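Enquirer: Here is what each chain is made of, one letter per residue.
Number of protein chains: 4
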Amino acid sequence: MVGGGPGAGIAPAHRRAARLDGRFELVAGAFSRKPEGNRAMGEELGIAPDRTYRDFAAMAEAEARRSDGIECASIVTPNSTHAAASLAFIRNGIDVVCDKPMTMSLAEALEVERAAATHGVLFALTHNYSAYPLVAEARHQIGSGELGAIRVVTVEYAHGTRNRLIEAEGDAKMAWRVDSAIAGPSTVLGDIGTHAHHLLRRFTGLEIESLTAELSTMVPGRVADDNAFVNLRFHGGARGQLWASMVAAGNGHGLRIRVFGEKASLHWDQETPDELFLRADGAPYRTLRRGEAYLCATARHASRTKAGNPEGYFGAFANIYADAAEVISARRDGRPANPCASSFATARDGVLGMAFIEAAIASHRNGGAWTDAAPDARR
Amino acid sequence: MVGGGPGAGIAPAHRRAARLDGRFELVAGAFSRKPEGNRAMGEELGIAPDRTYRDFAAMAEAEARRSDGIECASIVTPNSTHAAASLAFIRNGIDVVCDKPMTMSLAEALEVERAAATHGVLFALTHNYSAYPLVAEARHQIGSGELGAIRVVTVEYAHGTRNRLIEAEGDAKMAWRVDSAIAGPSTVLGDIGTHAHHLLRRFTGLEIESLTAELSTMVPGRVADDNAFVNLRFHGGARGQLWASMVAAGNGHGLRIRVFGEKASLHWDQETPDELFLRADGAPYRTLRRGEAYLCATARHASRTKAGNPEGYFGAFANIYADAAEVISARRDGRPANPCASSFATARDGVLGMAFIEAAIASHRNGGAWTDAAPDARR
Amino acid sequence: MVGGGPGAGIAPAHRRAARLDGRFELVAGAFSRKPEGNRAMGEELGIAPDRTYRDFAAMAEAEARRSDGIECASIVTPNSTHAAASLAFIRNGIDVVCDKPMTMSLAEALEVERAAATHGVLFALTHNYSAYPLVAEARHQIGSGELGAIRVVTVEYAHGTRNRLIEAEGDAKMAWRVDSAIAGPSTVLGDIGTHAHHLLRRFTGLEIESLTAELSTMVPGRVADDNAFVNLRFHGGARGQLWASMVAAGNGHGLRIRVFGEKASLHWDQETPDELFLRADGAPYRTLRRGEAYLCATARHASRTKAGNPEGYFGAFANIYADAAEVISARRDGRPANPCASSFATARDGVLGMAFIEAAIASHRNGGAWTDAAPDARR
Amino acid sequence: MVGGGPGAGIAPAHRRAARLDGRFELVAGAFSRKPEGNRAMGEELGIAPDRTYRDFAAMAEAEARRSDGIECASIVTPNSTHAAASLAFIRNGIDVVCDKPMTMSLAEALEVERAAATHGVLFALTHNYSAYPLVAEARHQIGSGELGAIRVVTVEYAHGTRNRLIEAEGDAKMAWRVDSAIAGPSTVLGDIGTHAHHLLRRFTGLEIESLTAELSTMVPGRVADDNAFVNLRFHGGARGQLWASMVAAGNGHGLRIRVFGEKASLHWDQETPDELFLRADGAPYRTLRRGEAYLCATARHASRTKAGNPEGYFGAFANIYADAAEVISARRDGRPANPCASSFATARDGVLGMAFIEAAIASHRNGGAWTDAAPDARR
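Residue numbers (the numbering used here), protein chains in the order written: chain V, 133 to 511; chain F, 133 to 511; chain L, 133 to 511; chain D, 133 to 511.
Source of the hints: derived by calculation from the structure; they are not laboratory data. Hints may be right or wrong, so weigh each one.
Note: identical chains are not told apart, hence a pair may lie in one copy or across any two.
Stated by the list, open to error - Straight-line alpha carbon distances no greater than 27 Å define the calculated BS3-like cross-link-like pairs of lysine-lysine that follow:
#1 K305 to K395
#2 K166 to K305
#3 K438 to K395
#4 K305 to K438
Fair warning: this is a prediction, and the values are worked out from it, not measured in the lab.
For reference, chain V alone in the conformation it holds in the complex:
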């Protein structure tokens, strides 16, 4: 693991996710750039002292040389080091599971994507909110034609966790997230907008053709943006809205998606992830539930307990690690991986996420003009 020193935000969730299904063992790390914190975390986690490294570069090189070196590196640093750390492991032939957003820029993302392809390693991005079983079911229902052609998509990730000027209140865990130099050129899109962007692509299968964006800073005194309205035109003619906000007080976690088609719509909310609502006018509304035998194979694969026992956040996050383990072990064993092991985002998904951010910034700077979504991301 790279990152995840004392006080880190997301690292404990990664560790729990990796542990839940028992397919990973944490044996090495570069947890913090501060030597004491690094050592302390290594000890707390039971890491051998010689495998607690001062930085990711040292770790990648040393582990690559060990006969019992790590098979996979989990990168949970702030956004600004995602690219460099990923490249260090990739170039040493070590698989990577990386927290989102993929990088700081589209150019970096394309470089990581090319490196992973060149070295033949896995690059898995932890868009954990898209790893719920019923997100896969939604895609299956849409793919099966249950909605007909999609007309409108609305997705939002809007919460109020930065509704005050917390960066002035000494909250270290939060401060970097509103600092463009670390969090990226659009804080609100990099930190949470990419989750919404990936969810809508994974949920619907649609790709964005063009967009118009308005990025705002609503909290007085803040330098970064904290609210984004992005309107979308999809290939094929559907329209959509994406709203990302850090100033939506009292909105809970706030990640929700609705997809409206010719015949019906799908509704899903991350706070109640075990229910997927399928609604057509003129017919009883339907609620699909995680854990039921009627779900598609991928949704069943992504589930551990029967319907009614809420599987929750750690279940979804663990799916990403379990599926990465499946892909890695299948490759090692020379067998095809289970095709249902698809909960993680790929390098391509990450590239499109960075392209989305850059297009939104360009539109915003151009007075909200309609902007091609991903010209430079195309292969």
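Position chains F, L and D against the provided structure of chain V, taking the given hints into account.
Expert: Coordinates of chains F, L and D only, in the frame set by chain V:
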């Protein structure tokens, strides 16, 4: 009553709304331009034959001359005759309750507003979805500072009732609503967008400064628009989104609003109108319920039964008629009207609704450019 | 109308219910035993002075003699005069709509039932909470075999409106309801338990074979009961629970029913009456909505507005008056009444309600022994 | 681990729960009485062959002799071996985490309780559904007087997983649960009723004084019971209902509790465990959310991620293992354990659970007579 002949859509709701509280008696009408339908409806409603008129012009003149002439005319025709019918009664000194949207254009709306002022009569617009008690409570909470400064508003009125090409299927009640010549220059904004627009103004007290709009036609073969995304900038700096759609399959009635402030947010849905959600991070979420003594005076005034008995659609619609009756009788009695009798929209509200439509159309035609919301509506 | 003087609780709802569909005109009344209150209410309601009567006996006789006498009397007095007032009108050949519970005892109820049969008049009991469209739909679904054989029913009517000793606080509207001499031998069963009892019979079609009851007084200082647990065995083998309580603080209106069958279950709550949940394991849950074309004829008949506009409490209450009007006018016109006009409870329903109360009291006094539900009610 | 061989139901949840927080390592087991299954499971879990034992007796003895022997045994066998397996480890000084119900009889439970006391080891019972953070918060709210004196409690654990005669369909995982010889004298109470019983005690702090029970077999052909209605009288005067059912088709997981006090009520449902509803009449309803700083220390201790990320079933189950680890390591380290480490049920809780079952059976056999709840369980 003008309009409301056999098969009319909204007229029965107006009649039930007027009856519920027993403050109106229906004694005259011009129900249909088709003589047989007009006569039949007059008979069905127990109207004296000499007070069943061939058209609104004849009705306005004749009733104005009778010593027992009507005090108030209810206008429930398709949109294109709202202005002419309203003017006919206003100019004969008869109060008017009129269905929305106010008129076909801003110019017409301004003319009606001026006429009502000149003749000293009431012009009440039936934005019935804004007449629920908890909409008034929301305004009270916001006015009391419970949310702090408002940062973001999202309002939507999106349903799927015209998700098929119903105008090609012989549905007369629906057909005119997708015909610009009768429904107005933007069908989706005139028919339902104005409800969302009025709700957001009444709920929040905010006024729109500028907007950008994208109007679309999603159903193949349709000539009118059926989906609108409108982004909003409010005086004072808040931002917002308004989504109006007739193609949101399976979205139920689909009128919902959320207001996010510095300290908390309010959430309300017309399908569950007896609950208002007041949510702040770091405190238990609160649910306010219609019928409770802790609500503001206007919310209590607008309610007829105790909390837990769902008061529903007819209760809200009846508030408009009851409040119009209060204003009319207070003026007749030379006393101040109950200040809580405020559930109906005014001529000014209607004018701003038409200005909103025209600004949205202008923005849309200009590639989504930010457009001043109401330059010509200002007094 | 008999009862409904100044400050009366339920009378305004009856008047609104009778007005909503325009099939009744209120022309006579004996509103209060207090002369001033009686006269004042007559004036407020626009009743001719000679048709504002000092009591129901005078009213029944005088109206029966008038050529334009009332067709139907609405009885909204406290429980203790339901029987005498009903009999006065019935014996004068006047149809009766009566508030629940039917009477103070089974013997009285049987007398009213026999009198109505003898005189050929309608006796309609306003179990308004069973008059919602989706209650009829539930019965239809069960009758259609959608649930298979019913196994378990749970019904509850539990709220907290008498959770304090309000009878000691001078609340006149509430005080009589906890006074056995006026409200009946079991206050909690007479006032609200009979609503739950009727709902379960109307919803399911089941009849109770035997029961065991525990009646309790939970509020210190109260003389009447305020909480009842009644366990049920139905003809055919199903089991059930009925809970009636006035001390369930914070439980809202609190009338809910669930029916579990071999194949699926139905769930309904009076606070959200426009939704009926039909749930089977191993299949998506279904939500049926009022106003949809897929509902049974009776549910469609009982509905006035499209799905999504909450029809609410007054809609259900008005169904009873509208259906009584249909039965009365059909009989007058010599035609069969619309078979869907079935929202009101009959004299037989009222008789079984009184039998239920008496059986529950008998069980309670006998230490909770299983008790035959209705031996003396059988015809 | 004892039990949890191939195809076992609950064992994978125990393993995930033990892994989530990284405080346990699985190093030994007696997974199955079938040698092949036992060996295969040991291999799958990476257990050394010499620590994969043929049965729990051999395991307890051998591990007690090893210097690196297990500190704690997790017992996940069918109910009939809980007592014997627990005693084997307890008598060898090894701490025990045991699945519920504690034993097959009250006598056995008392024996286990005494043995654990004598040997000074931990006996933790996995009533995992009571280990959610908001269950602890409910107890805190009640203890703080937020509800006033409790008047009525309703708890139910009713699902439809055995609504068909699955024991005749070859479902091995389910078959033993409806076999009294393995599941206990009342199947429905042993398997699920004890969860409801423990939840109500943990949630409220109330203890049952007496009860009346009706146990039924609703599925034709079944020999065990599958539905239980139990009415309760608590010490202090409160009344309650407990419903346990395996035939409630379409009721989801079905574990829910409501507690009504003088001033307010609490409502909680295991399917949405991150929300606790606190409702008083005359005040806005409140929703308390897991992960918030306003919760009590125990509720905060039991939580791993911020509000809005659903923590779910594995989080609650893992609390039991984490709290057992805390108690065990505190004892080893000679320090007081964190007083918040209280999510597991104790031997005393298990004893009262068995007393509850035996009292309910006695009442049922005695025609539903009121029966003392726990005469022989008292110490």
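Enquirer: Should K305 paired with K438 be assigned to within, between, both, or neither, using CA atoms and 27 Å as the limit?
Expert: For K305 and K438, only the inter-copy Cα distance (13 Å) is at most 27 Å; the intra-copy one is 36 Å.
Enquirer: Up to 27 Å between alpha-carbons, please classify K438 paired with K395: within, between, both or neither.
Expert: Close across copies (19 Å), not inside one copy (30 Å); limit 27 Å.
Enquirer: Indicate which option fits the pair K305, K395 if close means a Cα-Cα distance not exceeding 27 Å: within, between, both or neither.
Expert: For K305 and K395, only the inter-copy Cα distance (22 Å) is at most 27 Å; the intra-copy one is 45 Å.
Enquirer: My question is about K166 and K305: at a cut-off of 27 Å on alpha-carbon distance, are they close within one copy, between copies, both, or neither?
Expert: within (16 Å within a copy, 52 Å between copies)
The structure shown violates none of the earlier numbered hints.
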